[in-house]
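A.B. asks: Each chain is listed here by its residues.
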Amino acid sequence: GESVGLHLPTLSVQEGDNSIINCAYSNSASDYFIWYKQESGKGPQFIIDIRSNMDKRQGQRVTVLLNKTVKHLSLQIAATQPGDSAVYFCAENRGSGGSNYKLTFGKGTLLTVNP
Amino acid sequence: EAGVAQSPRYKIIEKRQSVAFWCNPISGHATLYWYQQILGQGPKLLIQFQNNGVVDDSQLPKDRFSAERLKGVDSTLKIQPAKLEDSAVYLCASSTGLAGGSGEQFFGPGTRLTVL
Chain U
231 GESVGLHLPT LSVQEGDNSI INCAYSNSAS DYFIWYKQES GKGPQFIIDI RSNMDKRQGQ
291 RVTVLLNKTV KHLSLQIAAT QPGDSAVYFC AENRGSGGSN YKLTFGKGTL LTVNP
Chain Y
3 EAGVAQSPRY KIIEKRQSVA FWCNPISGHA TLYWYQQILG QGPKLLIQFQ NNGVVDDSQL
63 PKDRFSAERL KGVDSTLKIQ PAKLEDSAVY LCASSTGLAG GSGEQFFGPG TRLTVL
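From first to last, the protein sequence lines are chains U and Y.
If you read the first sequence in the working numbering, its first letter stands for residue 231, the second for the next number, and so on.
If you read the second sequence in the working numbering, its first letter stands for residue 3, the second for the next number, and so on.
Okay, derived cross-link-like pairs now, BS3-like style, lysine-lysine, Cα gap no bigger than 27 Å in a straight line: (1) LYS332(U) / LYS73(Y); (2) LYS13(Y) / LYS80(Y); (3) LYS80(Y) / LYS17(Y); (4) LYS337(U) / LYS85(Y); (5) LYS301(U) / LYS46(Y).
Derived from the structure by calculation, the hints contain no laboratory data.
Sequences are here, hints too, so could you generate the full structure?
C.D. replies: And the structure:
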């Protein structure tokens, strides 16, 4: 079965609010995680990544938090906008190291932003 | 910089027919991936190439699926014969493949396959 899962399949927020999307993983050896955004009819688009030697990383309006103790990952989106409406996937790397990245994706969370 | 190109964007076939998908990765990217994404699920890796060699094809149904990347650039994925459960979006992605580099994979728009 899949080791990367999401707590909530759907999330609905008001425009301007902050969004938090959660992800649980089961492989404690995973060393790298990525969040992707997928809009309808498009391929996944990279948002932000984090390595296992970090517990927080910030980008533009997005923050990823990694809690290795409970094997939990979250994506925080500040001041959510209608353009943020999409399915969000977390993915963990199970590659053998070096340049070999092998991503395992979870099922995704559908984020809907209400105007 | 041009992104990952895929064609066709849509394909409808009947079961037991054959189909092929084409992918052109970002220029200079050594690693190329094919994923299958069934509706409502995350992408599942089918095969990974490093240049023209296969790194991982453990989840590729080899009795009906095949893929090649003969010159280490473009790649084709073929299904022969197709089954109803092959209906999905087939995504191609590429990455730099550099040791110590970012693991970011750049995805194409995908090919939506419908098997009737």
